[in-house]
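Trainee: Below, each chain spelled out in residue letters.
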Amino acid sequence: DTGVSQDPRHKITKRGQNVTFRCDPISEHNRLYWYRQTLGQGPEFLTYFQNEAQLEKSRLLSDRFSAERPKGSFSTLEIQRTEQGDSAMYLCASSRQGTSGRNTGELFFGEGSRLTVL
Amino acid sequence: KNQVEQSPQSLIILEGKNCTLQCNYTVSPFSNLRWYKQDTGRGPVSLTIMTFSENTKSNGRYTATLDADTKQSSLHITASQLSDSASYICVVSCMEYGNKLVFGAGTILRVKS
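Chains H and R, in that order, give the protein sequences. Each residue of the first sequence is one higher than the last, beginning at 1 in our numbering. Each residue of the second sequence is one higher than the last, beginning at 119 in our numbering.
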């Protein structure tokens with residue numbers, strides 16, 4: 001399978017616990033994005049990487065959230081001390097960014113990791 | 119402020135009928151506009167990507183139009199099928215701010231038999 005893979009698909013945790021999500025992008029895609037989506041809303045941007053460099057972080061990404069993309073391949077999104085408001089679908093997407101700098105690359109999404117904080 | 123507004127919020131149609139979903143945006147400067155289909159509990163899947171110079175683009179029974187002057191786009195679905203039931207999300211790419219993608223809230227389409 002050459003699509004974007006996310007793990008786990010579902011995670012139920014108690015408030016205060018830490019959780020980590022993993023995303024494996026399409027190979028050779030240099031850009032990787034994390035989004036959060038709540039019911040009835042479109043995805044909200046959290047952060048993105050160009051290869052291993054984290055180029056932008058949304059104000060939505062509080063100090064409890066951290067994302068990494070070591071070696072520019074897979075990425076992890078960790079949420080520390082989870083709160084009930086963190087319950088959402090966390091989507092990962094990847095694209096191949098051209099050299100022109102314009103974001104014309106098609107964005108491929110994973111199936112998402114649904115987090116429920118009790 | 120860069121925004122993408124979609125209408126209607128939700129829509130119910132009978133199988134076999136056509137429908138049109140609307141997207142208005144204030145994103146500037148504009149780079150491209152995308153339509154995604156998102157099945158419940160799944161990730162979005164790309165339907166079309168249109169740049170400034172493209173007025174219309176088709177993908178099977180899906181046809182997207184773009185009017186860059188009025189900053190409006192539409193997604194027309196022909197001869198709807200039950201499998202078309204999903205959320206349809208309009209996404210506009212802004213040339214500034216690192217080519218940020220601005221997402222609409224989506225239109226929820228339900229096709230009934």
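Please note: incorrect hints may appear among the correct ones.
Partial chain R-side listing against chain H, Cβ under 7 Å, derived [what the hints assert, rightly or not]:
#, residue
1, Pro-126
2, Gly-134
3, Cys-137
4, Gly-161
5, Leu-165
6, Ala-204
7, Ala-223
8, Arg-228
9, Ser-231
No lab work stands behind these hints: they were computed from the structure. Keep in mind that this is a model prediction, so the values were computed, not measured. Here a beta-carbon is modelled for each residue, glycine too, at the ideal position from N, C-alpha and C.
Trainee: May I ask you to test the interface hint for Leu-165 (chain R) with respect to chain H, counting a Cβ-Cβ separation under 7 Å as satisfied?
Mentor: Hint on Leu-165 (chain R): violated, closest Cβ of chain H at ~11 Å, above 7 Å.
Trainee: Regarding the hint that Cys-137 (chain R) lies at the interface with chain H, is the smallest CB-CB distance below 7 Å?
Mentor: violated, 19 Å
Trainee: Grab the minimum C-beta distance from Gly-161 (chain R) to chain H and call the hint holds if it beats 7 Å, violated otherwise.
Mentor: holds, 4 Å
Trainee: With a cut-off of 7 Å on the beta carbons, see whether Ala-204 (chain R) makes it to chain H.
Mentor: violated, 13 Å
Trainee: Does Arg-228 (chain R) pass the interface hint, meaning its C-beta sits closer than 7 Å to a C-beta of chain H?
Mentor: Given a least distance of 14 Å, the restraint on Arg-228 (chain R) is violated.
Trainee: With chain H as the partner, please determine if Ser-231 (chain R) meets the hint condition of a C-beta pair closer than 7 Å.
Mentor: Cβ of Ser-231 (chain R) sits 24 Å from chain H, so the hint is violated.
Trainee: Checking hints one by one. Is Ala-223 (chain R) an interface residue toward chain H, by the C-beta closer than 7 Å rule?
Mentor: Status holds, d = 5 Å.
Trainee: Hey, does the Pro-126 (chain R) contact hint survive, CB to chain H under 7 Å?
Mentor: violated, 13 Å
Trainee: Go through the hint on Gly-134 (chain R) and say holds or violated, using the shortest Cβ distance to chain H against 7 Å.
Mentor: Given a least distance of 27 Å, the restraint on Gly-134 (chain R) is violated.
This entry does not satisfy hints 1, 2, 3, 5, 6, 8 and 9, going by the numbered hints stated previously.
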